[in-house]
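Peer 1: If you're matching them up, the sequences are chains A and B in order. Per the UniProt record's numbering, the very first residue in the first sequence carries number 1; after that it's consecutive. Per the UniProt record's numbering, the very first residue in the second sequence carries number 1; after that it's consecutive.
Hints in this document: simulated from the structure, not taken from any laboratory. Each hint should be verified, as a subset may be incorrect.
Said to hold, decoys possible - Calculated cross-link-like contacts (lysine-lysine; reagent style DSS-like; alpha-carbon spacing at most 25 Å):
| # | chain 1 | residue 1 | chain 2 | residue 2 |
| --- | --- | --- | --- | --- |
| 1 | A | Lys217 | B | Lys776 |
| 2 | A | Lys216 | B | Lys301 |
| 3 | A | Lys307 | A | Lys266 |
| 4 | A | Lys216 | B | Lys442 |
| 5 | B | Lys736 | A | Lys183 |
| 6 | A | Lys157 | B | Lys697 |
| 7 | B | Lys292 | A | Lys307 |
| 8 | B | Lys301 | A | Lys217 |
| 9 | B | Lys736 | B | Lys749 |
| 10 | B | Lys736 | B | Lys662 |
What the hints assert, rightly or not - Quick list of the computed label-pair ranges, beta carbon to beta carbon:
| # | chain 1 | residue 1 | chain 2 | residue 2 | range |
| --- | --- | --- | --- | --- | --- |
| 11 | A | Phe212 | B | Leu258 | 55 to 61 Å |
| 12 | A | Lys154 | B | Thr632 | 21 to 27 Å |
| 13 | A | Phe212 | B | Pro699 | 56 to 62 Å |
| 14 | A | Lys154 | B | Tyr750 | 29 to 35 Å |
| 15 | B | Pro694 | A | Ala201 | 42 to 48 Å |
| 16 | B | Lys442 | A | Phe212 | 21 to 27 Å |
| 17 | A | Gly187 | B | Val267 | 50 to 56 Å |
Note that the coordinates shown come from a computational prediction; the quantities given were computed from them, not determined experimentally. Ideal placement from N, C-alpha and C gives every residue a C-beta, glycine not left out.
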Amino acid sequence: MAISPTLLLSLLLFTTFLSVSLHHSTADPDSDSDSESSDLVTELLYLQSQSKSGVIHLNDHIVSRFLTSTKTPRPYSLLIFFDAKHLHSKTELHLQDLHTEFSLLASSFISNNDASSASSLFFCDIEFKESQNSFSLFGVNSLPHIRLVGPNVKNPKDSEQMDQGDFSRMAESMAEFVESRTKLTVGPINRPPMLSTNQIAFLGVILLIWAFFFIKKLLTKDTFLHDWKLWLLGAVFVYFFSVSGAMFNIIRKMPMFLVDRNDPNKLVFFYQGSGMQLGAEGFAVGSLYTIVGLLLGVVTHVLVRVKNRTAQRVVMGVALVISFWAVRKVVHLDNWKTGYGVHAFWPTSWS
Amino acid sequence: MADGESSREATARTLRNAFGNVFSFFILLLIGILAFSIRLFSVIKYESVIHEFDPYFNYRVTQFLTKNGIYDFWNWFDDRTWYPLGRVIGGTVYPGLTLTAGTLWWLLNSLNIPLSVETVCVFTAPIFSAFASWATYLLTKEVKGTGAGLTAAVLLAMVPSYISRSVAGSYDNEAVAIFALIFTFYLYIKTLNTGSLFYATLNALAYFYMVCSWGGYTFIINLIPMHVLLCIVTGRYSSRLYIAYAPLVVLGTLLAALVPVVGFNAVMTSEHFASFLVFIIIHVVALVYHVKGNLSPRMFKVAVTLVVSVGLVVCCAMIAVLIALVASSPTKGWSGRSLSLLDPTYASKYIPIIASVSEHQPPTWPSYFMDINVLAFLVPAGIIACFLPLSDASSFVVLYIVTAVYFSGVMVRLMLVFAPAACIMSGIALSEAFNVLTRSIKFQLPGSSGISQSGDTSMNTEGEQNDIAKTEKMDETAKERPSKKNKRKEKEPVVKASIRSRIERRLLVLPLEASVIAIILLVLLGAFYVKVACKVDAALNVHASTLEKSSRVGRWKLVHCVWAAAEAYSAPSIVLTTYSREGGLHVFDDFREAYAWLSHNTEVDDKVASWWDYGYQTTAMANRTVIVDNNTWNNTHIATVGTAMSSPEKAAWEIFNSLDVKYVLVVFGGLVGYPSDDINKFLWMVRIGGGVFPHIKEPDYLRDGQYRIDSQATPTMLNCLMYKLSYYRFVETDGKAFDRVRQTEIGKKYFKLTHFEEVFTTHHWMVRIYKLKPPKNRIRGKTKKSKSKASSTSSPKRSGTGKRNPWH
């Protein structure tokens, strides 16, 4: 038997839902409104249970069914996240991040509230390509966009828009927005832990066992930790990483390069102005910083042990030329970028 | 005959040693003088005046200390700031700097040298930078010998990053703290090399001084445990390590808890937990080594399993307790600033007031070139030199530079901690390079080859012997540390060794001509460094004030060339100068003018409101009560002032009136082109205000995301108090109201103030002071009276300012 009982059950439910909705859409609008609204809530609850995170996926049809064709006051509010799949590739909009935060908010709200209050606010998302009519209905023309449709809102355009500031700080700030507008409590946001408790316990045990063997090994002084070359490599790498301003790139989320505004085929690697830098620029100068020191170190500590005089000469010549070039380059770049120049000792007429 | 020769040689060696010692003593003296005098440019160019913002507070505290004595200082409750809250000064400042300067002043006075407190304060930083370079010498000498020590000291004396924080007049905690930091590290290394309890005790005392001086002491109390752990893990445990570490933790923590501002934080916060954890570990390890010494190898194997398993269980329990303790506090026991070091994105997400300060920004690569200059090129060579051979001391220096360089990458302010490490590393690198290169030249010069081949060992100079000792050490005993004791040991069998090493030395040289070129290039590099150091003299101070949005702000337009820009930035920021096209000097002394006006023309108990940047200066120079100051401990209070500045006139008046404010002070640079004025800081006022009072919204002040004050500006912007107070009557200056900082004509030129009246504007309009008008009285008869009174008191002052202003 290939069809599992749950699937069967959901199919059954879906058919009933369809029939119910058909029945309602054909029914007289002046029929008993109480029962109608409670039906709507049940449907919404059903739709909610269909999705994993508790976010109802809307389309033009559902929007008209639950928002435009209903009477106010509705017994529920809707918080709608406007999504567009084709914009997911634009990372600066953070649509996907915001959507996951939004789903977190939804699941936390559902788990933190009992049935009665959970049925007064529903979380929905809507996709641009599928439901362009709804987007124009709400008058949404820029993303990210989140709207709260309260029980008394007749025209969707009157619904309240969540400010940029409210969703900038993730699910917590969205929760604040919801709490301030709907008088509901969202409760703490339940973020799924990075690792489940079982995994943590497993890792803990492994770590403990490994630590035991490791300490035993340590006493025999024969591990990678005793290899000074590794430490040297690590130290130089951290140095390179820091002087190249990589932390700046991480904190400010700088791209590696920019596309020239005037000429899209050209890439800009160096940014003029001291307060900012691009990723590639930092790494380039960072390696210039590092290479000079490494060459000096190699010459003073390794090259002196080389017996071949010609080899020494060649290597030293190359090292000197590279170092000279690197220092000149950095001085020049610094002068260009910040505008601070350093004059030489000799009079200006000499140079 | 052999006896006589060797004794003659011995006396010659002692003579050379003595000569070398005297020589290095004089070099050190010169380095001290260099470090001191290079920092005096600001006094020569301007005057003996205290700089910036925070130093004014320190100065005020020092004045109080010298006047009232230490006990009153300890219990001082200051009602002149943070009105109406006040501030407990004695319990919230790091007293190290104040006590140091106070002691200096007292000492000088008891020697009948009558200096003012201000003079002592101005010169504290240069004096301590001389001390710092001597401490660097000591530290580097412990790691790699005298030559490296002297080089490192001379580099530190003029490293731009440190100069910028320790010019005469920048009387701040860092001035003494860097010395304390290096000296603590020196004593730690010294203890590690000698195993002497005497130095261990001194180390704890130096640590105590550091805790007194600067919050950066947490760097020490985390770095040293890290090093101890590293030594243990890499199998370098010794009793010397134990002596160096255990007393420091016990004594150091006890002493640290004596400082009121630290108090129980010394045992309660996570910053200190690492040291306790390592304290436990080192005891376990010490026990293991003790047992190992007493048992036979086979018995030991059995014992190891026992001890390790028991120790592991104990450790796990301890760690679990610690984690539980830490996890129970909301910030996991870490302060915001420390957290933003571990998770660099933390501050920008959660703490705008930390993120808003420009010295908490991450640096870009030009900052490194600006701050440590060519040292950035030399550091990797120093790291390599420290690994060849790796000793306890050199591994500490490597750890120091790695952590410091990482932290400096997160916060530009910590460049100051990184700079000494960079100097030490570069000193080592330079000295090793010079060692090799000069040796190569010396033994390959045509004249010298004959002598050296004849095998006359007694012709060796001191330097060469050191070289031999060093190369041998490299080859044979990679773990030996170059402390004094060892050196002596190495030197004993010098006659035997030198014959053998003569062959070796012939090999350990580089080609002559290449060495000459290399030396010339290195000297050029050094000359470049010295040149830059002189240029930076008073350096580009990173202001501890609200971030200046440099994207919108052009550079100061009055300056004509880069050189002058560097000079203008070097200003004490209380007095500013600029050169005119003809070469004349123009001085802007508006700040002191304004503060003097306040102190002469207002009541002693009047409250003055301004943005927090000017709080310390107002209390110190005008002696008036302020609402907020640079000690940003109460975000809500700052947000209140920010809200008032961003509100329309009436709402702002109500806020200020509720705080008993009489005068409002704004800094305005539009007339002369002074870029760090209040209009440029204004967005931060809006942000910080809006963080607490949601009705202030940043988008209301921005037109399409752009911050502008011209005709395109939003109505909210044009009606807010800051705009009005900055641009009131501005159009009367040139008829067009052209703002020279923003490079645009302002949006709203003609307006009147209803709730404020202008009482004073300085010579160049840089500081403008307004008085809150008294509330309108409802009874008719009295309204007239108060009006006539107000006009009679204020009108002469206003006419006075009109005359003062030369720009009409």
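Peer 1: Does the structure break any of the earlier hints, and which numbers would those be?
Peer 2: As far as the earlier hints go, 1, 3, 4, 5, 7, 10, 11, 12, 14, 16 and 17 are violated by this structure, in ascending order.
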